[in-house]
Structures are given as C-alpha cells and as structure tokens.
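Could you build all of it, start to finish, from the sequences and the hints given here?
Taken in sequence, the protein lines are chains A and B.
Quick note on numbering: this note's numbering labels position 51 of the first sequence as 51, and the sequence is numbered without any gaps.
Quick note on numbering: this note's numbering labels position 191 of the second sequence as 191, and the sequence is numbered without any gaps.
Quick caveat, the hints were computed from the structure, so don't treat them as lab data.
Treat the hints with care, as some may be off.
[What the hints assert, rightly or not] The list that follows gives simulated cross-link-like pairs (lysine to any residue, SDA-like), each with its CA atoms no further than 25 angstroms apart:
1. 81/B x 169/A
2. 62/B x 121/A
3. 159/A x 58/B
4. 148/A x 54/B
5. 129/A x 144/A
6. 159/A x 84/B
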Amino acid sequence: MVGGCAPRPSPAPKGKPRAAEQAPEKTAVAPVRLKQRGMSISLSDEKGQPVFEASAASLEVDENTKTGRMQNPRFTFYEGGKAALRARAGAVVVDYAKKIVHLDGGVEGNSEASGYSFRADRAQWDYDKKELRAWGKVRFWQKEWEAKGEELVGDTALKRARLIGSPATLRIAQRGTEKPKTARGR
Amino acid sequence: MKVPASRWAPVVVFAAGALASAAYCQQPATTPQADKAAKQQRTLLIEAPVIEREPDPQNPDKEIWRATGGVTATSEEMSFKSKEVTASVSKKGGVEQVRATGSVVVKGGRKTKEGIEQRLDATSDGAVYFVGERRLVLSGNVRGTLAEVERERTWDLTSQRAELWLDEDRLRLERATLKMTMPEKTQQPEKSQKPEKPETK
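Structure representation (structure tokens):
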C-alpha cells in the first residue's frame with residue numbers, strides 16, 4: 001500500500017447542531033476519499049459510491065502535492081455509481097486535493113452505455129464540474145457518426161458534448177433517404 | 001431419335017458457362033465494396049467552428065447536433081452555408097431534418113421525371129431540409145435561380161416561402177414572382193411565367 005488515506009469524515013452528531021459548530025465542518029475534509037489497493041487508485045463520493053478508478057503497473061503517490069501518478073493506466077469514471085466512461089491513457093495524474101484527473105500521452109475512452117468513443121492527445125476530468133475536457137487531435141464517434149476537432153468538452157458520459165475546431169467536422173450516416181412512394185411512383 | 005452422349009457434352013458445358021457468366025455479371029452489384037461505396041455516399045458532412053451534441057429533450061431516441069459560426073452542411077443532394085445549422089438525428093433512422101438559420105445560402109439539385117437536371121442556387125433567411133421526404137423549405141426573403149442546364153433555361157425566383165420536392169417536378173411558392181430566361185433564338189416575349197403550376201395557399 002502506497003501513501004495514506006484521507007480520514008473518513010466523522011459521523012454527524014445527533015440532534016440539531018449549533019451554528020458555531022457547523023462552520024468548521026464545511027472546510028474540514030473534502031468529501032472525496034482516496035483508497036489505494038496495490039497498484040490502483042479509486043475515489044468515492046461522500047455516499048461511498050465510486051467516482052473514479054484507475055489501475056496500472058506503476059503507481060507513485062506524492063503526499064505533498066496530493067497527487068498520484070500512473071503509467072499506462074486503465075480507468076473508469078462513474079456517474080451515479082455506474083460506469084459512465086472507460087478509458088486508458090499513456091499517463092494519468094490524479095490530483096485528489098483538487099479532485100481533478102489529468103490524462104496524457106494519448107487518451108482513448110468509450111461509454112458502453114451510450115456507445116460513444118473518443119480519442120485525444122490529452123484530457124482532464126473535473127469531479128466538481130462533472131466535466132471531461134480533451135485536447136489535441138480529437139476524434140469523437142459512434143456507429144452512425146464521427147466528429148473531429150481540436151477540443152472536446154462534455155459531461156462524464158459525453159451525452160452532452162461540444163466540439164471546437166478550425167473547423168470541427170461531423171459526418172452523420174444519412175439513412176432514410178429512400179424515395180418515398182408518391183402518387184406518381186405507384 | 002437417340003443423341004449420342006458425346007453430343008450432349010458441349011451443350012451442358014455451354015449452359016454451365018452461361019450460368020457462371022450470369023452469376024459473375026451479377027456479382028459486382030453485391031460486393032461489399034459496392035455496398036460500402038453506396039453507404040459512404042449517403043453522408044451529411046457539417047463543418048463549423050463549434051459543433052454541439054445534446055439529447056433531444058422531447059424524444060430520448062433522438063439527438064440534436066447544433067453547429068454555430070460559419071457553418072457548411074453538405075449532403076449528396078444539398079448544401080447549406082449559414083450561421084447556424086441544426087441536424088435532428090434519430091438513433092434508428094439517421095438524419096431526419098437539417099435546419100439552417102441566419103443568412104442561408106442553399107445549393108441543390110434534382111432531376112425531373114424527363115431526366116432534366118435542375119440546379120437550385122438560392123439565399124433565404126432560413127431553410128429546412130426534410131431528409132426522408134426529400135423536401136426543401138426555404139423561408140423569408142427567398143431569392144435565387146432554378147436552372148435547367150440542358151435546356152439553357154433559368155427561372156429567377158423571389159418569394160417569401162419556397163418548397164421544393166426533390167423527387168417530384170414540384171415547386172410551391174408563396175408571395176412570389178418568377179421570371180424565365182431562355183436562349184435568344186427561342187426567347188419568348190418577356191413575361192412572368194411559371195415552371196409548373198404553383199400551389200396557392
């Protein structure tokens with residue numbers, strides 16, 4: 001086991017707390033805990049639901065900068081306790097103080113639930129904003145369409161996404177173009 | 001009359017050869033390459049500085065792609081240039097409609113039932129192309145030309161609303177003027193004409 005774990009927040013006292021006691025609770029402990037099992041990092045929210053998991057052959061945790069570094073990791077982002085996006089990258093730095101995951105060295109991801117995939121040079125995932133941002137040569141695609149650009153911003157599962165480029169391009173398979181049966185065609 | 005077995009042989013060989021030849025002739029139409037090429041043609045290409053995707057709030061089986069900035073949308077039969085283009089896409093049926101707003105430049109083409117190719121070049125405030133119906137609706141300050149290249153005939157049109165069916169010789173104009181231009185030798189006295197009977201609202 002490498003590094004240490006952030007302490008669990010102490011259980012809330014029963015009864016209605018006074019205002020003076022409430023103030024320190026807000027700044028005491030971030031609602032995200034870091035767990036390390038072998039060569040993996042996982043983050044969970046205050047309800048104990050998984051938020052992010054990553055595993056790799058090497059893991060380096062720096063308690064001073066509150067970061068964990070991994071090479072060639074595979075990772076999963078969760079939404080509502082369910083896997084929203086599975087991905088891999090050349091390198092990942094988990095900033096568990098800021099709750100930001102930096103992905104570098106070529107990033108590939110896909111959402112099994114929605115069927116989307118993306119590829120980019122680097123990416124960043126922000127837990128507080130629930131936002132995934134990817135840069136470089138970005139490709140975002142599904143079975144029926146393919147979009148390309150230089151920057152992709154979306155929610156964790158990429159259900160909503162914005163592609164920026166000069167220009168960004170989108171190709172959509174155009175089905176349903178068969179000639180309709182008109183009166184003249186019969 | 002008895003036919004010696006040796007005389008049957010060339011007939012059988014010929015028949016087998018014809019069947020093989022027929023099978024070979026039919027083959028190219030069903031090759032994966034031909035299918036792939038046909039599929040590749042049916043593509044809507046959108047180019048823009050910003051392209052956004054969002055689920056359709058009205059229908060979970062649909063999604064909306066919105067392109068903003070200087071947008072170009074091109075399909076095999078139509079192209080738009082405008083400030084904003086929105087494509088409504090069904091997860092089951094592909095692109096359903098393409099809507100362009102803000103100074104739209106439209107280029108399109110169709111073939112009449114006589115096989116005459118007509119080219120449309122127009123500008124308008126807005127345009128919607130209904131992909132399944134192959135119907136184009138231009139709205140607001142529609143100006144443009146419908147040219148028949150082979151006949152050297154051009155229709156200049158000005159209208160508040162124009163509806164064009166790509167699979168039919170049908171054009172519907174509202175609050176419109178039409179002017180036909182022909183080569184000089186066949187030029188008719190100058191007067192407003194209509195390419196086909198426009199429907200009136």
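**Request:** Decide if the proposed pair is consistent with the structure: residue 129/A and residue 144/A, CA atoms, cutoff 25 angstroms inclusive.
**Result:** At roughly 29 angstroms apart (the allowed maximum being 25 angstroms), residue 144/A and residue 129/A break the hint.
**Request:** Sort out whether residue 169/A lies within 25 angstroms of residue 81/B, counting only the CA atoms.
**Result:** 14 angstroms, holds
**Asked** Is the hinted pair residue 159/A and residue 84/B satisfied, with a Cα-Cα distance of at most 25 angstroms?
**Response** 21 angstroms, holds
**Item:** Proposed proximity, residue 58/B with residue 159/A (alpha carbon, max 25 angstroms)
**Value:** 15 angstroms, holds
**Item:** Straight-line alpha-carbon gap residue 148/A to residue 54/B, limit 25 angstroms
**Value:** Since the Cα atoms of residue 148/A and residue 54/B sit roughly 16 angstroms apart, the hinted pair holds (cutoff 25 angstroms).
**Request:** Would you check the hint for residue 62/B and residue 121/A, treating anything up to 25 angstroms between C-alpha atoms as holding?
**Result:** Violated, because 30 angstroms separates the two Cα atoms, which is more than 25 angstroms.
Taken one by one, the earlier hints fail for this structure at numbers 2 and 5, listed in ascending order.
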